[in-house]
Amino acid sequence: MLSLPSFRPREIVHMLDLTRRSADMRKRFLYGLGAVATAVVAFAAVSRPSDAQQQPTVGPSPLTTSDSSKLQGPKQPIFFRHDIHAGQLKLQCQYCHYTVAESSEPGIPALSTCMGCHNLVAGKTKENQVEITKLKTAWSKKQPIEWVRVHTIAKHAHFPHMRHIKALGTQACATCHGEIAQMPQVYKVNNVNNMGFCITCHIERKVSRDCSVCHY
Amino acid sequence: MADESTTPSVDRRHFLKVLGVSGVGAAALTGCSTDRVTKLVPYLVQSEDQVPGIATNYASTCTECSAGCGLHVRTREGRPVKLEGNPEHPTNAGTLCARGQAGLQSLYNPDRLKAPMARNAAGGFDEIKWDDAIARLAAKVGSAGGKFAVLNGYGPSTFTTLLQDWTKALGGTHVAFEPFAREAERAANQKTWGRDDLPTYDFAAATHIISFGADFLETWGPVVEQQRGFAASHGFHDGTMSRHVFVGPRLSLTGANADEWLMVPAGSEAQVALAIAHVVAERKGHPLAGMLMAYMPETVAKDVGLTSQQLHDLADAFIASGPSLAVAGAVPTQHRGAVDLCHAVNLLNEVAGNVGKTVLFGAGPAVTDGFGRTRDLFASMGRGELQVVLVHEANPLYALPKSGKFLESFKKVGFKVSTASVLDDTAAQCDLILPNLHSLERWDDLRPRPGITGTLQPVVEPIFPVMHTGDVLLKVSKAIGGAVAGFNAASFEEHLKAEWQKRAASGKAGDFDSYWRGALGRGGIYEAAPAAAKPALVSGATQITFTKPAFDGTGDYVLMPYPSSMYYDGRGANKPWLHENPDPITKITWQSWVELHPDTAAKLDVREGEIVELTSPHGSIRSQVYVYAGVHPGVLAMPLGLGHTAYGRYAKDRGVNALDLIGAADSDTFLPYVSTKVSVKTTGDYRKAARVDGEARQLGRGIVQSMPLAYAAKGMTPEESYKAAGHVEGEKNTERELAAIEGFAEDQAKATQYGDYANPHPKWGMAVDLSRCTGCSACVTACYAENNIPTVGEEQVFRRREMSWLRIERYWEGGEAGEPLAVSFAPVMCQHCDNAPCEPVCPVYAAYHTPDGLNGQVYNRCVGTRYCSNNCPFKVRYFNWLKYNEVAFPEPLNLQLNPDVTVRARGVMEKCTFCIQRIRGAQNTARLEDREVRDGEIKTACMQSCPSGALSFGNVKDPEAAVIKWKRDPRGYHMLEETNVRPSVTYLARVLHQPPVATPAGEAH
Amino acid sequence: MAVIAHDPSLPTQTHAEVTRDVIKTITDKPTTGYYILAGSMALLTLVLFGTLGALLKYGLGLAGYAPPIMWSIYITTFVFWIGIGHAGTLISAILFLFRSPWRTAVYRSTEAMTVFAVMTAALFPIIHIGRQWLFYWLIPYPNQRFLWPNFKSPLMWDVFAVSTYLTVSSTFLMIGLVPDVAAIRDHVSGWRKKLYAALSLGWTGADSQWRHYSRAYLYLAALCTPLVLSVHSVVSWDFAMSIVPGWHGTIFAPYFVAGAIYSGIGMVLTLVIPLRKVLKLDHMITEYHFDNLAKLTLFTGSILFYAYGMEYFIAWYSGSTFEQTTFWRRAFGPNWWAGWSMIICNAFVSQLLWFPKIRKNITSLFVISIFINIGMWFERYVIFVGSLANDYIPYAWGQINPTWADWCILAGSFGWFGLWFTLFYKNFPIVAIQEVKEMIPMPRRKAHGGAH
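Chains as they are written, first to last, in this note's numbering: chain Z, 1 to 216; chain L, 1 to 1005; chain R, 1 to 452.
It should be emphasised that the hints constitute simulated quantities derived from the structure, not laboratory data.
One should not assume that every hint holds.
A few chain Z positions that, by computed beta-carbon distances, are all more than 12 Å from chain L [stated by the list, open to error]:
{"no.": "1", "residue": "Ser103"}
{"no.": "2", "residue": "Lys124"}
{"no.": "3", "residue": "Gln129"}
{"no.": "4", "residue": "Val148"}
{"no.": "5", "residue": "Pro160"}
{"no.": "6", "residue": "Arg163"}
{"no.": "7", "residue": "Ala174"}
{"no.": "8", "residue": "Ser212"}
Here are the computed lysine-lysine pairs in the BS3-like style, where the Cα-Cα straight-line distance is at most 27 Å [claimed, not checked]:
{"no.": "9", "chain 1": "Z", "residue 1": "Lys142", "chain 2": "L", "residue 2": "Lys129"}
{"no.": "10", "chain 1": "Z", "residue 1": "Lys124", "chain 2": "Z", "residue 2": "Lys90"}
{"no.": "11", "chain 1": "Z", "residue 1": "Lys188", "chain 2": "L", "residue 2": "Lys587"}
{"no.": "12", "chain 1": "Z", "residue 1": "Lys206", "chain 2": "Z", "residue 2": "Lys166"}
{"no.": "13", "chain 1": "Z", "residue 1": "Lys134", "chain 2": "L", "residue 2": "Lys39"}
{"no.": "14", "chain 1": "Z", "residue 1": "Lys142", "chain 2": "L", "residue 2": "Lys39"}
Partial list, derived from the structure: chain L residues whose beta carbon lies under 7 Å from chain Z [unchecked claim]:
{"no.": "15", "residue": "Lys39"}
{"no.": "16", "residue": "Gly53"}
{"no.": "17", "residue": "Leu821"}
{"no.": "18", "residue": "Leu893"}
{"no.": "19", "residue": "Asn924"}
{"no.": "20", "residue": "Val933"}
Glycine included, C-beta positions come from ideal geometry on N, C-alpha and C.
Just chain Z, with the same shape it has in the complex (with noise of 0.2 Å):
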């Protein structure tokens, strides 16, 4: 009964604080990364399709949607690999969780992100393409993946991701969430939701221990 149109944009109060602005250079910078990425795939794709198979594959060989259920963490809407986008590509975690560095919440990427390349990319092998397809069909028909959540920290918690970015660099993620990187379907490494886990590290680098840093 209610509507589901997405959320259009809307004139913001002008003197909105400058992490906005940088913000939405950061994020055109990252459109950009994204678009070289993009040609660098396109041009693989183009020019050696033949060897395919033969390409030294960097993590796991091609896996099939139906192997994606024998895999380590929970089956996934679309069959996404981490490790061909994160791994192989080596697109920056940032170029898709953009809002890591500037906000408590990562930030999970748009479908409009996923299309910015995938108008081009249809998938080399056959597995690929189905799931790639999918993608298609969800964006023509203007409806949202649900992606089941991986990582989930109590609400009464709150993790300030830009906080831990800030301290540790953009390239730390794999500190909390592991290799994702290595990972055809992403799963839990490291249980985020445990408080012991959070406070052993806070306790080793002599960070704050006061309660309220994050329970309020």
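With chain Z's structure known, arrange chains L and R on it following the hints.
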């Protein structure tokens, strides 16, 4: 909503969609399992200005009353979570009253209509399709010929203009409707100066204010602006402050903030005004003095129950220094002599030379058509002259007295249409309801007064698929064609832009886009009002004809209905925030009542809560008694705003409507609210009042301390002033204050080796200036909104289980054995004591001290022993006795929840945290920018909303911080000093024009 | 020849009679009256746990709590039951160390009462907290969160005090029972024999066993003795450590201990007086014993009298407006009725025991004991509820209005306690056989005396 995957709900996907991927945390229950399967729903297209986890502010305009304050709508993941004042708006300059903030609950109101409704044969309503609805309206309106009228409650705006033109094109009548329209004042201005408009009053410039029953701090005029002005002049500053005298039968919140209250019988205010005017005129040698001979203090004194000396003194004080100001005309003085009263007050201002100084014409509030035209309109309805009536943003069948037979007339109309978004009293009588978008969902603008044009923009996707009435008009026009074929804009948005383009063109404002975007960004266009020449008295003005106003009925008591601070004209009655924000004076929640003077109560032998039956020639109602020494023995006062017959679950059948007792027949220009005498009959029934105050007197505990102006000006501390007044000395707080500022971290570090107390940290502190606080309670609603505080409902308030983290304590002084009644207010929140008694007694460290000086409360660690509350001398800790978090936010009210704050579960203790989420947020931002948090960067919700600017917050270790300057003020004191709990909140004593009534702590009575 | 005056502290019957009479109380078939009693107690116990279930489901709001009174009926009842326990330990342990002869006949019943009272009290800290299922957070245990309870909090001390008391007093009871259950073991058959066999820990009555036994008993008695003082002192600190006017008093520990013993003996009288009739043990538990109990009551009652007076004096002497207001309202405020019933039932009624007539009259003693129980419950009510109702900020003052949930838990607690006690006295010797025997003077010349 944390378990949104386990509670199946139609709205869930939408909820997540609106939220994007985050913010589900908003509705999380503490300690709940998080191992359920939850989904991440990404945006299709990421909006540029929405960053998940970061709030975005949109400028808009408040439509909760006609003042049209500017809004900043704080949105998270595309949904508004809080309404705050727009700092750039000249009216409210960043602050906002309780009613304005509660506007959020009309956006998310669970009783909003989800589709157009049409009356069916059975007399009920059916949901219908929009096309169908528009077709039906078009058919009726098209065939109505001229027999068509519009009753429009929305202020001057592009929309209203459109509606007017459209109605005119169809040959119909358009009537602007405003329940508390200031008709009497307009009539008086006509009489005095020949002006048909209203002035603005400069309270900030006035050194002496006399209010004749005008509640300028509550419901009369642009209250936020007036409160800002009043606080500026009446708040103690540079050794001085203005003087405020309140003349009237009932001590309202405005009266409670006066330095002196002159209790006069209802209807005799004008005589007082004229008497003062007479003396002033004589002193100033003003020609009018002669005309006023009939009103020498000596002659009127007895009539008004004052001594002539009092009147002389008042007059002298009035012209003693600087510009003064006299105001009148609010609902509690709208008796049949109201025009005379306002005229008299005008003359008083005239002779005192205030016109042009504090009484400024030119930029007055926009005027409406007034009661006269509304009544005529209904009359023609009654004569069956109308086929179609459209009611827009108005609820006349509630706001007009029953005795006027308005309902009967309304029923005579063939086809009645309403655009109400909730099924209110009027809509319930209509044949077709076309729910309008909420003001936060639609394109619009508003011109509350010359020079100010506020803009409204959709800041959220419509919560329900309803339609902008502007679009409805355009669609209907398309369907009808003919006379209205001209109204052919593609959408109202286009029409609005077109209108603004014209405006931009006329105003030689560069390219339209930047002009438009600029306006939206600032929330409107603010220009200096066209200056008006100082008006001159018209010839007839000096013919003063004062006759005592007549009252209908033969009862012993004059009935005085007054607009409730929270419910206003009734539109607040469907908002739980306003129900649970107690009335500032009586501290009653969720109910209406009738106020009796103790003598009256004794005479009738009734006690608080007993139900009495009030009968007037126009009707009879039963209401519960509240005994109040602040009301004239000859008067019964009743708040307006409750007693709805519809209007949703929170309003329907709650309380009574005092308007049922008053007549509406005779007066021409305005509705005479105070025009009936009622007789009282006891019924023997009883209904407990859900009051939130326990003992209403301070018992000499120095909770709200005050000192005479003379001493304050000398820079004395409350203790010194108290001593100077010849009392035993109380305790000094200075060295404790110092310890709180300097020695704090060390103390904590000594106290425990754990935590990094020894490291350098800020220490957060607050100061409250009681000479500025008016007790308006805007901060209370702000706190509810910011901190996801659940409203618990009347049944729970009976047990005093309200969760109000911040409460305004109201204490009576005097009022017994003939001594004058004085009222004092103090906002009391968690004092964040350095030496907090709640901390050591918690067995699980849920209550503990943070390194930055906060008194932390870890909800998810709390097991609920409640020892902390027992041991808290201020009793500012609140316990979740039942699953409030599950009942308080029926969908879609849950969308209002602030994602930054955990929603507390049953069995957990909660309390004020100094808005720690805002502190942490600012610290995160500062850290990302490699800097320290700036002073003033963190504003707590209460401080942010306060129209009086009575609160200050900051790092007390920063010698430059504003809060330190406040804390060093000699007026500073701590509540309950002798408990040595070392609060982080410093109160600055009230300053009075008379010797203090409250005695400092440490003094037994 | 001259006849030696009979010492009332000594039993009049022979060893054989003692064993017979006591064991009869166990072997006799339970009367219907007994079944009705036990049944109703079981019913009340169901009420207790039913209500607890409701509290778990909906929250504490079901009870009549009204801020600022965050502790009301439940804590009142908790302290009431904890207090009851103390008389038991006092009589069984301290009087044992003092070798006072008159305890023997009554100590077993009082000791049982102690254990069951503490078992009842131990329920309440759990019942009354907001998130009962997280009670274990009050127990220190190593965890990956590096979180520990707050040892500064009196509530923590309370947890330790109560659990210690429960452990020690129940051990003491079991040990004291060993020789007796052994004796009964040889008189019964079936499942009971098994039970007693288990409980008698293979007791044969051998000389070496007796030697060890008496030592063990002595040490346990020594261990219990400090608990009588410590436990209720700690409980009193739950309140005295706060800054609530009316709680914040240095007199609290001795005041509470005295009150505890006073209430305990009150409960002993209430229980034992009917019991000796029902079990036909009136020739073993005689006026002599009650006279002594009464004297003890009089003593502790007088201490209370003093304490009440001292509280008021200090309130006045402190010059603190908060203390003064609290105590003024205690006598003349909205809770005046509770205040006065406490003073009358405890301070005044106990003074009647100065008169031997009243002291030695079982009926009057029983009536007085009832007054004591009521009075001591109200004492806690007045101190906790009465003080919280009006502390520092007048604006926050309030009154409670108890609901069914309050009364059901209160009544249920009596059921829970009563059920255990009823079962106990029908299955275990309510009079300590062997200790009574010890008291019997060396058999005078008589046809084959005591059974050996």
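* Asked: Hint by hint, which ones does this structure get wrong, listed from lowest number up?
  -> Hints 1, 4, 5, 6, 8, 11, 17, 18, 20 are the ones this structure does not satisfy, whereas the remaining hints hold.
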